[in-house]
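J.: The lines below spell out each chain.
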Amino acid sequence: MTETPASADLVLETRDLHMAFGGLVIFERMNFTLKRGERHAIIGPNGAGKTTFVSLVTGLLKPKSGAVMFEGRDVTRLSPQERVKAGMVRTFQINSLFRALNPLESVALALLEREGKAHLSLRHVAAEKELIGEAMELLHQFGLERDAYALTEALPYGKQRLLEIVLALALRPKLLLLDEPAAGLSTQQGHEVFARLAHLPDETTILFIEHDMNLVFSYADVVSVFAAGALVLSDTPENVRKSPRVREVYLGN
Amino acid sequence: MSAFDSPQNRAASGTGYFASLSRWNIFEILFWLALASLYFWPHADLVLMSQIFIWGLFAMSLDVLLGYRGIPSLGHAAFFGIGAYVAGYCGKFGWTEPISALVLAMLVAAGVGWLTGKLVQRVAGVALLMVTLGLNLILYDLVHRSTEITGGDDGLQGIVIDPVLGLFRFDIFGRTAFWYALIVTFVLFVATRAIIKSPFGLALTGARENPRRMIMLGAPVEGDVSRAFALAAALAGASGALLTQTTQFVAPSSLSFQRSADVLVILIIGGAGRLYGGFIGALIFLFLRDWLAAISPVYWYFWIGLLLVVVVSFFRKGILPTIEDVYTRWRGRRGASP
Chain A
315 MTETPASADL VLETRDLHMA FGGLVIFERM NFTLKRGERH AIIGPNGAGK TTFVSLVTGL
375 LKPKSGAVMF EGRDVTRLSP QERVKAGMVR TFQINSLFRA LNPLESVALA LLEREGKAHL
435 SLRHVAAEKE LIGEAMELLH QFGLERDAYA LTEALPYGKQ RLLEIVLALA LRPKLLLLDE
495 PAAGLSTQQG HEVFARLAHL PDETTILFIE HDMNLVFSYA DVVSVFAAGA LVLSDTPENV
555 RKSPRVREVY LGN
Chain B
535 MSAFDSPQNR AASGTGYFAS LSRWNIFEIL FWLALASLYF WPHADLVLMS QIFIWGLFAM
595 SLDVLLGYRG IPSLGHAAFF GIGAYVAGYC GKFGWTEPIS ALVLAMLVAA GVGWLTGKLV
655 QRVAGVALLM VTLGLNLILY DLVHRSTEIT GGDDGLQGIV IDPVLGLFRF DIFGRTAFWY
715 ALIVTFVLFV ATRAIIKSPF GLALTGAREN PRRMIMLGAP VEGDVSRAFA LAAALAGASG
775 ALLTQTTQFV APSSLSFQRS ADVLVILIIG GAGRLYGGFI GALIFLFLRD WLAAISPVYW
835 YFWIGLLLVV VVSFFRKGIL PTIEDVYTRW RGRRGASP
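Top to bottom, those sequences are chains A and B. Residues in the first sequence are numbered consecutively from 315, following this note's numbering. Residues in the second sequence are numbered consecutively from 535, following this note's numbering.
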């Protein structure tokens, strides 16, 4: 076994990322790094730029200047679709599902897009037996197999939240970005979601935004604190918990 | 034992679900048999029947865009007209074999549709209505004004169409027209149905439901808009070519705004997103027009307008989806009672 250089183990790196909406500066210079296999939480007060950061990383927003590096490659100019194909997948804070499709159809669609099999053809979906089996297994892992044929918009909120994550996992992400996966869930449901995420293999690096500190300190191995468009601190949960600067950010002077 | 207790059973259950979506049901088979049997109806107006198939196919082509991809178009007659004129020029300049001319009309319309899709793939909502309407008006005016090439208002004269397969001459009673229009429509329906039940159809529906999520699945949503336009335009072009070939005539009215509005009305009355809605709408629209025009030749649009208001106010989704909902509820109640 040879030692790999430290930079090769960086899944994500932002270099001097600058972002502004009109005159409103969100990030002056955001430098952020994420190592392979990390379970990395971003916390911070509302308006700290957490969701904007995820949107810049995934390409839904373009930075004014600076670079986004994914697995050592500059992806700043790539479209959101190209970043998905490269292995960078996100979920949304507010459920963003296919309301009139059922969970099986939704997950099968994600798998068909992953495999590039949704092109114009006369071959019906039922012919894709392996992908349908894979879709059912994913639903089964999240306890959704009995809801496979129910209309998505008729599912209870907690199950919709799970489907949001299943759709992302279906793409076999190298980097999974979760924007408040437990938003709107009960404490117990939130722990169930994170317990399932904890079982994902180490190849899947996870970056998540979360407000519930119990969940953050139970499941993250690195915590980054954002405040007013700057990275205040990036450290282990214990050190973040002890940091006087973090208390200041959250509680004010 | 449950359908979900092992990976094999779960996979079989999922595959079974998708297979059930593409299986032909008894109502579909009866529907097509009923259309064919109209031929044997005493005193049947075969010319009117051919018109119904042509309008039904045309409305189905709009359904691909509007019902499945969620793209509204106010200029769909442009593609119908292109198909109609391509078939017309073929017949006028010696390419008199109808089936190959129909295929050519579809290819030309598909090409124009694909370009239209490229043009509008970043446009949405009301702007999309304006762009499609604008393209339709430009094309109409060009055809209308180029009198030397298109015959202008008088239409294209001297179109010759060979007998279908060299055997069936287009007759004044509309017998050949009936079967030719029905069979072409049915074949294109079967192909469209397969495409809609394919992964591509699922991707179109997904983009209708949530384009942002489709982007985050890495889906080529913009390319899919062009492909959907090309498919819809090919089908519309086929219906235009059928009109030219069964009447041996083509005029600028084939690509008028009136036709774009009529096809939208037909689809909305029948119900979008079902493939059959356009055919149900065409049956109602054309029978009603035929009947009303006989009573009051000038004012029949009054009744069409009233029908549209009533359908949209009371059935919301259109006639076919409403019937489906009622039937599903009735079966559900019957299944639930002991």
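Take the hints with a grain of salt, since some may be wrong.
[To be verified] Derived CB-CB ranges, DEER-like:
no. : chain 1 : residue 1 : chain 2 : residue 2 : range
1   : A       : R437      : B       : L567      : 22 to 32 Å
2   : A       : R413      : B       : L701      : 28 to 38 Å
3   : B       : V637      : A       : S500      : 35 to 45 Å
4   : B       : G686      : A       : K378      : 54 to 64 Å
5   : A       : S500      : B       : F791      : 54 to 64 Å
6   : B       : G668      : A       : E451      : 31 to 41 Å
7   : A       : N360      : B       : W837      : 35 to 45 Å
8   : A       : K443      : B       : L653      : 53 to 63 Å
[Claimed, not checked] Quick list of in silico lysine to any residue cross-link-like pairs, SDA-like style, CA-CA up to 25 Å:
no. : chain 1 : residue 1 : chain 2 : residue 2
9   : A       : K431      : A       : A414
10  : A       : K431      : B       : Y551
11  : A       : K431      : B       : P831
Read the hints as simulated data drawn from the structure, not as lab findings. Think of the CB as a built atom: it goes at the ideal place given N, C-alpha and C, for glycine as much as any other residue.
J.: Can you give the numbers of the hints that this structure goes against, from lowest to highest?
T.: 2, 3, 6, 7, 8, 11
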